Amino acid sequence: CGKIKTDFRFSNTLGWNTFPVPTLTEKSKADLTRCAEDILLAREAHWPKTIADLYDPDEMPEDLRHAHKRNDETLERIYIGRTFRNDTERLEKLFDLYTKRTASDVAAAHKSPKASRRKVH
Numbered sequence: 001c002g003k004i005k006t007d008f009r010f011s012n013t014l015g016w017n018t019f020p021v022p023t024l025t026e027k028s029k030a031d032l033t034r035c036a037e038d039i040l041l042a043r044e045a046h047w048p049k050t051i052a053d054l055y056d057p058d059e060m061p062e063d064l065r066h067a068h069k070r071n072d073e074t075l076e077r078i079y080i081g082r083t084f085r086n087d088t089e090r091l092e093k094l095f096d097l098y099t100k101r102t103a104s105d106v107a108a109a110h111k112s113p114k115a116s117r118r119k120v121h
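Heads up: the sequence shown begins at 1 in our numbering, then just goes up one per residue.
Please keep in mind that the hints were generated in silico from the structure rather than gathered at the bench.
A quick note: this is a predicted structure, and the numbers were derived from the prediction, not measured.
Treat the hints with care, as some may be off.
[What the hints assert, rightly or not] Derived pair list, reagent style PhoX-like, types lysine-lysine, alpha-carbon separation capped at 20 Å:
1) K27 - K69
2) K69 - K29
3) K111 - K93
[What the hints assert, rightly or not] Distance windows between CB atoms, simulated:
4) R85 - A108: 33 to 39 Å
5) A107 - L40: 17 to 23 Å
6) V21 - R65: 19 to 25 Å
7) H68 - E26: 21 to 27 Å
8) R34 - M60: 17 to 23 Å
9) L40 - T88: 44 to 50 Å
10) A107 - M60: 41 to 47 Å
11) L54 - F95: 27 to 33 Å
12) D58 - V106: 43 to 49 Å
Every residue gets a Cβ at the ideal spot worked out from N, C-alpha and C, and that includes glycine.
Please work from the sequences and hints to get the whole structure.
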């Protein structure tokens, strides 16, 4: 994900892999797949409404809102076994996972020959 000039570009190796997601079990994958299918079915039920119409906060169809709520709850249970109490707890968990995932990269960068090859004048 990013921009070249003013055009957006998307990458399956950058945009999708930078968000810290816990290791998913087969059950978790199946649960999330079902949630995604429910969201798509709810959208389809309101055809020919546009995405803008469907996601207008004041006009969002109740079945679509419910499908997204179920998806959120399912994902949060994958992260911590229950729903998050608030956004602060959610962010703390995401930063914790990110720190753990990148710790080995940071350590490797500090040990790399490039990092130790500093010229002293």
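### Query
Which of the listed hints are not met by the structure?
When the structure is compared with the hints, numbers 3, 5 and 9 turn out to be violated.
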